[in-house]
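J.: Next come the chains, spelled out residue by residue.
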Amino acid sequence: MPLELQLSLPLILILILSIKIVMVDAKFGNNKTLGFVTALAGFIVVFISAAFTLTISPEAIASLNAEELYSKGTITYGGFAAYFDMLFCVAAILTILAALPYFQKENSEHNAFYSMMVFAVAGMMLIAHSANLLSLFIGIEIMSISFYVLAGYFRTKEKSIEAALKYFLLGAFATGFLLYGIALIYGATGSLSLPEILTKIAADDFSNTYLTLGIALMLIGLCFKVAAFPFHQWAPDVYTGAPTVVTAFMSTAGKAAALIAFIIVARALFVIDIGQAAEIPDFQTNAIMIIAIISAATMLIGNITALVQKNIKRMLAYSSVAHAGYLLMGIVANSPQGWEGIIFYATAYLFMQIGAFIVLSVLERKTDKNLDLDDYSGISKSHPFLAAIMAIFMFSLAGIPPFAGFFGKFLLFTAAIDAGFTWLTIIAVISSMISVYFYIGLIVYMYFRKSNTYPLEADMGSAKVTLIISTACVVILGIFPSLIINLINNFF
Amino acid sequence: MHINHLFINQKLDKFGIGLYRYSNNYLLEKNITVLESYLPLIFMVVFGFVVALIFLILSEWLGARRSTAGKKTTYESGMEPVGTARERFSIKFYMVAVSFIVFDIEVVFMYPWAVQMSQLGLTAFISMMVFIIILLAGLYYEIKKGGLKWD
Amino acid sequence: MINAIPLEYYLGLASIIFLIGTVGVLVRRNAIIVFMSIELMLNSVNLTFVGFSTYLGDTAGQVFVFFVMAVAAAEAAIGLAIVLALFRNKQTIYVDEVNVLKW
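Protein chains in written order, with the working numbering: chain C, 4 to 495; chain A, 26 to 176; chain V, 3 to 105.
It should be emphasised that the hints constitute simulated quantities derived from the structure, not laboratory data. Ideal Cβ placement from N, Cα and C applies to all residues, glycine included. Be aware that one or more of the hints could be misleading.
Short, incomplete list of chain C residues facing chain V, as computed with Cβ under 7 Å [as the list claims (entries may be wrong)]:
1. R158
2. A186
3. Y189
Mimicking SDA-like on lysine to any residue, the simulated pairs with C-alpha atoms at most 25 Å apart in a straight line are [unchecked claim]:
4. K75/C / M135/A
5. K35/C / L18/C
6. K162/C / Y119/A
7. K162/C / A115/C
8. K92/V / E112/C
9. K35/C / G163/A
10. K117/A / A79/V
11. K96/A / S84/A
12. K467/C / A44/C
13. K170/A / A72/V
14. K174/A / K467/C
Please put together the full structure from these sequences, using the hints given.
T.: Given below as C-alpha cells:
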C-alpha cells in the first residue's frame, strides 16, 4: 500500500463508515441495535487505523513530496492529527455506549443519532488533518451542522429544540465572521494554504490592513466555537437543553476540535519567537494579548457563574466554559509546550467531563428530573459506585493532584509562565481555587448530606463500560502522565 | 496553488483573462475607462425613476377616484377569488423544497469539472464518481425514509 | 488593470452587505428573517472571495465560493427543519419567545 494511502486511511474509513451507517439506517431502520453495532465497530476500526498511522515515523511523512500527493497540501498526515483522530473516536465510542441505555430510557429512536455522531467525528477529523483554510472551514461546518441536529435530537422536547435553535442561529452567525476572516486573510496573503501563509508572514510579504482585520474576524469566529468569553452565552443554554449524552460529546470532543482548529490557525499566523528570528510583527503581539485577556475573562466568568448554579448540568456547562479559558492559555503561550499542554489537557478533560455527564445521564429521569444539587444529597448511600467515580471526576476537574486534570493544568500554567504571562497564570490559579468550591460542593452533597428524597434509580447498562474506561483513564493519566506526554512531545 | 489542480487548470484561467482583455481593448479604442462605461446604465436608472415618478404624479393629479366592490377584491386574473390568500401549504411542499435546495446546489461542483473534463483526466473523473456515489447514497436514504412520497 | 473597477469597490460593497446582514441578525426577531440575514452575510463573503480571486489572478478563491454555497445550502436545510420543529412545539418562530432556558 502506498504511504499516502496508509496515512489517509482513517479519513477514508470514516467516509466509508458515514455512507455505510446511512445505508444501514435506510435499509434496517426498525432494527434497534444494528446502527449501534455498525457505529461501534466502525469507530473501533478507524481508531486502529489512526493508531497505525501514528507508528509511521515523522521522517517518512516529511519525505512525501507535497506536489506529488493526491491531497496536494490540503491535508496533513500523522502526528497530532492522527492522535486527535484516536481521541475523537474514543470520545464517540464512550458516548454511544452511554447513549444506548439513555435513549432506551427516553423511548427515543436511535439510528439517526449514530449517523450524526459519525458525521460529527468525520468533521472533527477533517479539522485535525487540515493544512488549508478550505479544509479547515469544511471540517468546522460538517462538525457544527451535525451538532445543530444532535442538540435538537429530542425534537418533541421544547428545551432540546430551543437549544438547537440558539446553537444554530448563533453558530451560523459565527460562521459568517469566520468566513469573512478567511476571505480577508486570503486577500492579504494571496493563499489559502497555511504553510504558504506562514512563509509569507515570516517574509513580511503581506497586506497588513486586511490581515489584521482578517485575524480579528477569524478570532471572533473561533472564540465562538470554543465558547470563549464575549461569545460564551450560547454554551450554557445549549449544553443544558441538549440531550445529556450529546452534551457530553459536544462539550468535550467538540471543544477539543475547535481548539485544534485554533492551534492550526495560530501555528500559521503567529510566528514563534526563536531568539534570532526576524522580529515579531505588531499584529501578532496584539492578537496574543487579546487572546490572553479573553482567556482570563473566560475562566473567571465561567467559574464565578458556575458558583451560583443549582442545576448540576448547568453548573458543568459553565465549568466547561471555564475550561475553555484554561485551554486558551496554551494558544497564548504560542510555543510547542503550550500546544502540548492543550493536547494533554484536552485528553484529560475529555475523559473527566464525559464521565461526569454520563453519571448525570444515568441518574436522569424523563422530563429532566434529578438534575438538581438537592437530588444528589446522600446518594453515596444508595449508589456508592456512582458517587465514588463522580467524586473522582470532580477532583480531577478541580485540578487536585493525583488525577489527570492536575497535570494538564500544570503543563498549561508552566507554558504560560515560560512565555512571560505570569499575570495570566495568577488569574488561572485564582479561578481554579474558585472552582474548587462548587466541585467539592457537589461531593459534600453526595457524601455529607442526608438523603431527603426517595432513592434514585440507576440503570447503567452499557454506560458502565464508559464510566469504567473514563475513570481508569483519569486515574492512569494522573499517575503516569508521561504515557501521553512522551507521545505528544514530538508532534511540534 | 494547491486546490487549483482539483477543478480549474491554466486554460480556463487564460480564457477568463482573455475575455477581460477583449473588453479592455474595446474600451481603450473608445478611450474611456470602465467606470465611465457604466454611465449609460446610470442614465437609464435615473431616467426610469423619473418616468415612473411622472406617471405616478400624473395619475394622482388627473385620475378620478371611485371605489367599487369589484375593485377592492383580490386580483385573480379575472376569476372570482376563492378562500383566503393566507392559506397554509402542506408540509409536502417543504420536503420537496428542502431536497431541491440540497441536491440543486451540489451540481455547482459538476459544472467546472464538466467543462474541463478532458484536461483533468482520470483522477478527476474518479473523484467525481465518488462524489456522485455519495449523493446517490443520500438520495437512497431519502427515498427509503419516504422523503419523496407525495401521499 | 488601470481601467478596471478597483478592488476596493468590491470590498466596500461586500462589507456594506455584511454589515446589513449583521445588523439584521441583531435586531430582527423572526427566526426565518434572522436566518436570511445570515445568508446575506455569507453571500457578501462570496463577493469578497471573488473580488480577491480576480484581483490576485488566483482561482482558489472561486473554488472556495462553491464550497461556501454548498455549506450554506446544507445549513438552510437544517435550519428550516429546526425552525419547523420549533413551530410544532411552541407555535411561534419569534426568537424572543423562545426562553425556557435561562439562568
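J.: Compare the structure with each hint and give your call.
T.: Results of checking the hints against the structure:
1. Among the interface hints, the one on R158/C holds; its C-beta lies about 5 Å from the nearest C-beta in chain V, closer than the 7 Å criterion.
2. For A186/C, the shortest C-beta to C-beta distance to chain V is roughly 4 Å, which falls under 7 Å, so the interface hint holds.
3. Interface restraint check: Y189/C against chain V, minimum CB-CB distance 6 Å, threshold 7 Å, status holds.
4. Distance check on the hinted pair: K75/C and M135/A sit about 20 Å apart at the alpha-carbon level, within 25 Å; holds.
5. Restraint check for K35/C and L18/C: the C-alpha separation of about 23 Å stays at or below 25 Å, so the hint holds.
6. The straight-line distance between the Cα atoms of K162/C and Y119/A is roughly 24 Å, inside the 25 Å bound, and the hint therefore holds.
7. With a C-alpha separation of about 19 Å, the suggested pair K162/C and A115/C falls inside the 25 Å cut-off, and the hint holds.
8. Between K92/V and E112/C the CA atoms are separated by roughly 22 Å; this keeps the pair inside 25 Å, and the hint holds.
9. At roughly 21 Å between alpha-carbon atoms, K35/C and G163/A fall within 25 Å of each other, so this suggested pair holds.
10. Restraint check for K117/A and A79/V: the C-alpha separation of about 14 Å stays at or below 25 Å, so the hint holds.
11. Proposed proximity of K96/A and S84/A is supported: the alpha carbons are some 17 Å apart, at most 25 Å.
12. Taking the CA atoms of K467/C and A44/C, the gap is about 18 Å. The hint holds against a cut of 25 Å.
13. Between K170/A and A72/V the alpha-carbon distance is near 23 Å, which keeps this suggested pair within the 25 Å criterion.
14. At most 25 Å may separate the alpha-carbon atoms for a hinted pair to count; K174/A and K467/C exceed this at roughly 42 Å.
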